[in-house]
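Number of protein chains: 2
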Amino acid sequence: MSDTHDVIVIGAGPAGEVAAQRAREGGLSVAVVESRLVGGECSYFACIPTKAVLRPIHAVRAAQRLQGVTGATLDVAGVLARRESWVSSRDDAGQADWLAGADIELVRGRARLSGEREVTVDDRVLTARQAVVVATGTRASIPDIPGLRDAGPWTNVEATSTDTVPPRLVVLGGGVVACELAQIFGALGSQVIMVVRGDRVLGRLDDIASDAVLAALRADGIDVRLGATATAVDRDGDTVTVTMDGGERVTGDEVLCALGRTPNSDDLGLAEQGVDLGDPPDWLYAVGDVSGRVALTHMGKYQARACGDLVVARAAGEVDPADLERYGRFSDAAIDTATPQVIFTDPEVAAVGPTFAEAKESGRNVRAVEVPLPAAAGAALQADGYTGTARLLVDVDTEVIIGATFVGQDSAELVHAATIAIVGEVPLSRLWHAVPSFPTMSEVWLRLLEEYGL
Amino acid sequence: MSDTHDVIVIGAGPAGEVAAQRAREGGLSVAVVESRLVGGECSYFACIPTKAVLRPIHAVRAAQRLQGVTGATLDVAGVLARRESWVSSRDDAGQADWLAGADIELVRGRARLSGEREVTVDDRVLTARQAVVVATGTRASIPDIPGLRDAGPWTNVEATSTDTVPPRLVVLGGGVVACELAQIFGALGSQVIMVVRGDRVLGRLDDIASDAVLAALRADGIDVRLGATATAVDRDGDTVTVTMDGGERVTGDEVLCALGRTPNSDDLGLAEQGVDLGDPPDWLYAVGDVSGRVALTHMGKYQARACGDLVVARAAGEVDPADLERYGRFSDAAIDTATPQVIFTDPEVAAVGPTFAEAKESGRNVRAVEVPLPAAAGAALQADGYTGTARLLVDVDTEVIIGATFVGQDSAELVHAATIAIVGEVPLSRLWHAVPSFPTMSEVWLRLLEEYGL
Numbered sequence: 001m002s003d004t005h006d007v008i009v010i011g012a013g014p015a016g017e018v019a020a021q022r023a024r025e026g027g028l029s030v031a032v033v034e035s036r037l038v039g040g041e042c043s044y045f046a047c048i049p050t051k052a053v054l055r056p057i058h059a060v061r062a063a064q065r066l067q068g069v070t071g072a073t074l075d076v077a078g079v080l081a082r083r084e085s086w087v088s089s090r091d092d093a094g095q096a097d098w099l100a101g102a103d104i105e106l107v108r109g110r111a112r113l114s115g116e117r118e119v120t121v122d123d124r125v126l127t128a129r130q131a132v133v134v135a136t137g138t139r140a141s142i143p144d145i146p147g148l149r150d151a152g153p154w155t156n157v158e159a160t161s162t163d164t165v166p167p168r169l170v171v172l173g174g175g176v177v178a179c180e181l182a183q184i185f186g187a188l189g190s191q192v193i194m195v196v197r198g199d200r201v202l203g204r205l206d207d208i209a210s211d212a213v214l215a216a217l218r219a220d221g222i223d224v225r226l227g228a229t230a231t232a233v234d235r236d237g238d239t240v241t242v243t244m245d246g247g248e249r250v251t252g253d254e255v256l257c258a259l260g261r262t263p264n265s266d267d268l269g270l271a272e273q274g275v276d277l278g279d280p281p282d283w284l285y286a287v288g289d290v291s292g293r294v295a296l297t298h299m300g301k302y303q304a305r306a307c308g309d310l311v312v313a314r315a316a317g318e319v320d321p322a323d324l325e326r327y328g329r330f331s332d333a334a335i336d337t338a339t340p341q342v343i344f345t346d347p348e349v350a351a352v353g354p355t356f357a358e359a360k361e362s363g364r365n366v367r368a369v370e371v372p373l374p375a376a377a378g379a380a381l382q383a384d385g386y387t388g389t390a391r392l393l394v395d396v397d398t399e400v401i402i403g404a405t406f407v408g409q410d411s412a413e414l415v416h417a418a419t420i421a422i423v424g425e426v427p428l429s430r431l432w433h434a435v436p437s438f439p440t441m442s443e444v445w446l447r448l449l450e451e452y453g454l
Numbered sequence: 001m002s003d004t005h006d007v008i009v010i011g012a013g014p015a016g017e018v019a020a021q022r023a024r025e026g027g028l029s030v031a032v033v034e035s036r037l038v039g040g041e042c043s044y045f046a047c048i049p050t051k052a053v054l055r056p057i058h059a060v061r062a063a064q065r066l067q068g069v070t071g072a073t074l075d076v077a078g079v080l081a082r083r084e085s086w087v088s089s090r091d092d093a094g095q096a097d098w099l100a101g102a103d104i105e106l107v108r109g110r111a112r113l114s115g116e117r118e119v120t121v122d123d124r125v126l127t128a129r130q131a132v133v134v135a136t137g138t139r140a141s142i143p144d145i146p147g148l149r150d151a152g153p154w155t156n157v158e159a160t161s162t163d164t165v166p167p168r169l170v171v172l173g174g175g176v177v178a179c180e181l182a183q184i185f186g187a188l189g190s191q192v193i194m195v196v197r198g199d200r201v202l203g204r205l206d207d208i209a210s211d212a213v214l215a216a217l218r219a220d221g222i223d224v225r226l227g228a229t230a231t232a233v234d235r236d237g238d239t240v241t242v243t244m245d246g247g248e249r250v251t252g253d254e255v256l257c258a259l260g261r262t263p264n265s266d267d268l269g270l271a272e273q274g275v276d277l278g279d280p281p282d283w284l285y286a287v288g289d290v291s292g293r294v295a296l297t298h299m300g301k302y303q304a305r306a307c308g309d310l311v312v313a314r315a316a317g318e319v320d321p322a323d324l325e326r327y328g329r330f331s332d333a334a335i336d337t338a339t340p341q342v343i344f345t346d347p348e349v350a351a352v353g354p355t356f357a358e359a360k361e362s363g364r365n366v367r368a369v370e371v372p373l374p375a376a377a378g379a380a381l382q383a384d385g386y387t388g389t390a391r392l393l394v395d396v397d398t399e400v401i402i403g404a405t406f407v408g409q410d411s412a413e414l415v416h417a418a419t420i421a422i423v424g425e426v427p428l429s430r431l432w433h434a435v436p437s438f439p440t441m442s443e444v445w446l447r448l449l450e451e452y453g454l
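So the sequences go chain by chain: A and B.
The first sequence begins at 1 in this note's numbering and counts up one residue at a time.
The second sequence begins at 1 in this note's numbering and counts up one residue at a time.
One or more of the hints may lead you astray.
Here chain A is said to cover these stretches of chain B; the calculated rule only asks that three of the stretch's residues, wherever they fall, bring their Cβ under 8 Å from a Cβ of chain A [said to hold, decoys possible]: (1) 290 to 304; (2) 338 to 349; (3) 385 to 395; (4) 413 to 422; (5) 440 to 453.
Short derived list, chain B residues pointing at chain A, Cβ under 8 Å [unchecked claim]: (6) Ser35; (7) Ala52; (8) Leu74; (9) Arg82; (10) Gly109; (11) Leu188; (12) Trp283; (13) Leu284; (14) Arg430.
Hints are computed from structural coordinates only; laboratory data are not their basis.
Note that the Cβ used here is the ideal one computed from N, Cα and C, for glycine as well.
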C-alpha cells in the first residue's frame, strides 16, 4: 500500500473516523493511524459501556416507580453481559471492517509527526499530500496524589471492563464520569464513597442539575463527601485507604480516579516539529477531545465533519468564504453557542448552552425561566411521584433561547428541541406555535412559555 | 352572582378552560357552563386514563426487552387503581376548584344559545357583553349498524372506566382510539378482535406508522381484520356477535365502538338562532374538537389561547392586524402547518405535519428521508433488538422540513424538535449545527441529515 495519502488521520475514535469518512467521501485518499482500538475510548471504555449498563438500571427504576408493575429486578450478570455485547468484548474487528468498507486504510501503530505533512508509524513513513488531522483524544488524568499511582487506581477503562463488582468503591471526583460510575456501581451492589473537591457534583452544569443529582446519589445510599480533597492513597493488600485533607480516611477495595482528562498530544512529536495544536500550520488540524475545545463525542464528530469537508474543499481550491462564517458548512460555531450534553444519571440531566451563571457573567441580559417538569402531565404520568425541573435561559433583548437544562427521569430526549431553537434562533413568540403533544413530557415547553409570560 | 359576564364559555374541557383562563387573565369576567365533568372527555375518558394505563404496560415491556432486567410483570389491579387515581374516580371537584381559584364562575347545566350573546342554562339566562365561546367537544359516534345500539356498546367512556377486563373484546375501528384501547385490553388479558373498515390501521397517519402498529398488534396476539365492515351486531345475554360484510362472524363479551366522533353541537340551539360554527357571527367563537378543525387536546388549547387573547384585544379595541397574520399572537396557523400527534401504542408513533401522501397531493416538491431509528446508538441502547423508523418530509425547494414521523419504543419526545424546526422554518443547512447528544435517540437527526445528503 502507498505510503502517500491525501489525508492522514491520527486516531480512530469517533472524531477521527468522521474526519476520515468525510475526506474519503470527498474523493481524497485517507489513512487512519490507531495504536489501540479502532472506535476509540467512547466505544469501549466510556459512552457505550456506561450507557449499556445504565439503561437496564434505569428501566428497573422506572418500573419500580409505577403502580401496576411488580417484580422488576436487576440481574447483575446480565447487565455485565449486555455491556460485553455492546463493546464486542473490546474486539475492534467490526470497526476495522467499517474503515475497510469505506476504503480508508487502517495503519496500526503509534504515530509521531516527523516532518511537515509527514507521520511516522513505527518504521513506516507516511506522507500526506493535503492534511494531517490529529484526533487522538484524551485519557484519564492521574494527579500527583502521594500513593495514588502505586495503589493501582481504576480509571474509566477498568471501571467499564471489570468482570466483578467491588464490594467497596471509593470514587475520586464529582464530574460526569464520577457521578455515572458511582451510580452504576451503587446499583450493581458496591458500597460507594465519593470524594469530591468542589462544593457540588457536576460543577460545570447548572445548579439545578447539581442539586438534583447530589440528592439522588445520596438517596441511593452513596456517601458523597463534598469539599474533600484526597491527599494520600495507600493500598494494603485488598484494601485501599484514601486520606482527605481534613485527615479523615475512607477505605475501599478499589479506588476510581475520575479527576479530569489529559489530551493525548504529549507523545506525538508536536514540540519536536515546532507545531502547536492551538495554533496549527495550515496542513494540520485537531478535532475531537484532543483539540481542547469540548470533550464530547457528538461535538467531536461535528467538528470532524466540518474539518473533513474543509480539507476536501481546500484540496479542490474551492473554499467559499461564506462557508467559513458562523453556521456555514465549515463552521463549528455550535461548540460555542449550543453544545448539548446528557448525563445518564438517575435523574437524567440534559443541557445545552451556557449555565445561568455563565450567561450572566457574559454580560447578556438573561432571564432564567423555570418550572417543575411534572407541571406537564406527560412527566407526571411517566412515574408516580415524578420530580424534575426544566429551566430555559432567555436573552431578554432578543427573546431568543440561549440555553436550557432539563433534570428528571427520561429527560434526555427533551434537549434537542432546545438545541434547534437556539441554533435556529427561533424567537419565543414563534415558539408558541410549536405546540407540544398532550400528554407528552415535551408539554413542559408550554409551561415554560407561560412562565415567561408571553 | 351576576347573569352578565364579558365572556361565556360553553364547555369546560381543556379548550374551554384555556379560553376562559386567557380571557380572565386579560381582565374580562368569565362564566363557564358545563353539563358533565369539569375537565372534559380528555381528563376522564380519553387521554389521561389511557396514558395512565399505557405507561405501566410500556414500562413492563421496556424492562422485558433488556438483558439485565428480570421479573417485570403487569399487575392488572394496580394498573386500574393507577387509572382511578389519575381520573380522581371521575370526581371533578379538583378541576372545579381550579376554576374558582382562577375567579371564573362555573355554571353547571346544559347550555343553549337563546339569542345574540345570550345563553340559557336550564332556567337561567346568561348574557355576554363580548363573546360566547363554544367548546363542547365531541362524543363517540354510534353509526346506524343494525343492532349496535341495542347491544350496549362500549365507547371510550366505558372502556376507560370499567372495573373489569372482558375476557373477549371486539373493537370496531382502526384509528387511534381503537389501536390504543385494543392494545390496552390485550395487555390486561382480553382476547381482542379488531374489525377495521380500511386496509390499514391509523389510516390518517404515514404508512410507516400503520405498518409498524399493525404488525405490533398482531404480534400481541390481537386478531386484526382489515377491510372488514360490521353489518350487524347482536347481543345474546353475555355474548355479542358482530357480523361482517363477508358474512363472517366474531364474538365477544363486549363490543367497543371506536368509529369516529360526533361534534357536540347538535343540541346547542345553533340552528334555531341561525348561526353556523363554520361561519360564526363576530361574537361567537368555536374552539377545540367541536370546531371541526382538529381533534387533539393540545391543538384545542392552542386554538383556545389565541381565541381568548383575541377576545380580550377586541374588547379593548386593540387588535393589531399583524397579530392576526400567520404565526401572529391571534393566529392558529400551526393547525394547518404543524399539528403534532403522539399515539401511545407500542411502538409509539409521534408525527407532525402532513403525511407523505398528503404532502405529495398538495403539489409541493417533497422528498421523504427515512432511516431506521436504531441507526442512532441511543435507540439501539434503549431496548435489545430495537426496531423503529424515522421519516422527515423535506420541501426540496426551500430545504425546510414540513413533516416528520417517528415510530418506535419511547419515540414520543422526539417529535417536538421537528415541530420547532417546522414552525421556526429552520433550513437543513442550519440544522446541521443543532447537534444531538451521543448516545441519545435524538441522534437519529444526524442520520436523517446524512441521508438527505447535505
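Hint check:
1. 290 to 304: Holds, because 6 residues of the region 290 to 304 of chain B bring their Cβ atoms closer than 8 Å to Cβ atoms of chain A.
2. 338 to 349: holds (count 5)
3. 385 to 395: violated (count 0)
4. 413 to 422: Per the Cβ count (9), the hint holds.
5. 440 to 453: holds (count 6)
6. Ser35: With a closest approach of 23 Å, the serine 35 of chain B hint is violated.
7. Ala52: Check passed: Cβ of alanine 52 of chain B comes within 6 Å of chain A, closer than 8 Å.
8. Leu74: Since the shortest Cβ distance to chain A is 7 Å, the answer is holds.
9. Arg82: For arginine 82 of chain B, the interface hint holds, since the closest Cβ of chain A sits about 4 Å away, which is under 8 Å.
10. Gly109: Status violated, d = 27 Å.
11. Leu188: Result: violated, 10 Å to nearest chain A Cβ.
12. Trp283: This hint is violated: tryptophan 283 of chain B lies away from chain A, its Cβ roughly 25 Å from the closest one there, beyond 8 Å.
13. Leu284: violated, 24 Å
14. Arg430: Status holds, d = 6 Å.
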